[in-house]
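A.B. asks: Put the two chains together into one complex; each comes in its own frame, and the hints tell you how they fit.
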Amino acid sequence: ILNVEQSPQSLHVQEGDSTNFTCSFPSSNFYALHWYRWETAKSPEALFVMTLNGDEKKKGRISATLNTKEGYSYLYIKGSQPEDSATYLCASIGYNNNDMRFGAGTRLTVKP
Amino acid sequence: DVKVTQSSRYLVKRTGEKVFLECVQDMDHENMFWYRQDPGLGLRLIYFSYDVKMKEKGDIPEGYSVSREKKERFSLILESASTNQTSMYLCASSFRGYYEQYFGPGTRLTVT
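Keeping their order, the protein sequence lines are chains A and P. Throughout the first sequence, residue numbering follows the working numbering, covering 132 to 243 in sequence. Throughout the second sequence, residue numbering follows the working numbering, covering 36 to 147 in sequence.
Don't read these hints as lab results, they were simulated from the structure. Every value quoted in this text rests on a predicted model; they were computed, and no experiment measured them. Here a beta-carbon is modelled for each residue, glycine too, at the ideal position from N, C-alpha and C. Just so you know, nobody snuck in bad clues.
Computed spacing ranges between beta-carbons, pair by pair:
1) Pro96(P) to Ser159(A): 19 to 25 angstroms
2) Ile112(P) to Glu187(A): 39 to 45 angstroms
3) Tyr162(A) to Glu97(P): 23 to 29 angstroms
4) Ile95(P) to Asn160(A): 18 to 24 angstroms
5) Tyr207(A) to Thr50(P): 44 to 50 angstroms
Pulled out of the complex, with its shape left as it was, chain P reads as follows (with noise of 0.2 angstroms):
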């Protein structure tokens, strides 16, 4: 079974803070992808990567930043956070182009 996890359940920030939000995925998938959860908006596409160091924008990248060093890993990067960051953050993984993805557990993402 394909497993992709992410580091926290859980983080609380403050304002300015920069933060980072990891995920790794155990199936040699190609692509990796950053979404965030908000109510009633369903999942909006941050960034994704096809490749180590490869990446592209989402919907809505602004605030965000990725790296993707090593293939099974994918990192989200807050420069400094906002209260309008405040939300929930998950990440998948695909073997490559319109293949399902699978999603890690999500990161609830609360900044005060």
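Extracted from the complex, chain A is given alone in its bound form (with noise of 0.2 angstroms):
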């Protein structure tokens, strides 16, 4: 089984920092990659949803890329804030739903 593997594993800031990490995929079977957002105490909370190779999505100050064809794909987040601390995981699946992998997930903590 290979693995999602997402990089780095924690990452610390100084607020108003732009900041990125990685997420790598295998990119045989793929049909969709997920990024969710994790605050501590609460639930994962979706960001975005992508399928197409070349695909950029934003919210907000929130963007990600995806390279299907090399198995990556980025999230950037510009001029981080302190209620942007959070663990960000990457999920990627393929065409059976139990085909569904997530990353082990970037832990941000941002200071102010």
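C.D. replies: Right, dumping it as structure tokens:
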């Protein structure tokens, strides 16, 4: 079973810094990629669902890109704020729903 | 807003007990999922269901079973709880296919 890998495992930035992290996934049998944001003591919430190679999605200061041929996605946060502190998870979904893999997440801490 | 609820936030059970974890969603979603989350391992899929009475094994189904008698309810059953099943259990639902998942608040299960 090929894994979904996220890097870095954790990240500490100052308020106002821009940052990005990576999700690598198996490119074979790819169907969709999800990004979730998981704040402490809350449930994971979906940020983006991406399916097409070259897809770019944006929500406020957060954006994501997708390269299905080489099997990676980047998540970018522009001008990080303390409220962006959370664990960011990506999940790769294959054509069968049971072919779903989550990465271990990138834990972002934004210091005021 | 989609709401996914889980029957308990915290649960303590003894080794060998039968444990039921209940999940209910209120948005008529077709898909429902059970995950466990352990430090450093991300979310791992135990079982999912794409329709009433239908179920598919995920990555780690051993020691678990599931039941979906009604569309809105998906139960995870630990037939004979063991200490290695101490974990955070998260339920999720999605409309269908590769749509984003909506997560419940999680149940932290401790087996002593």
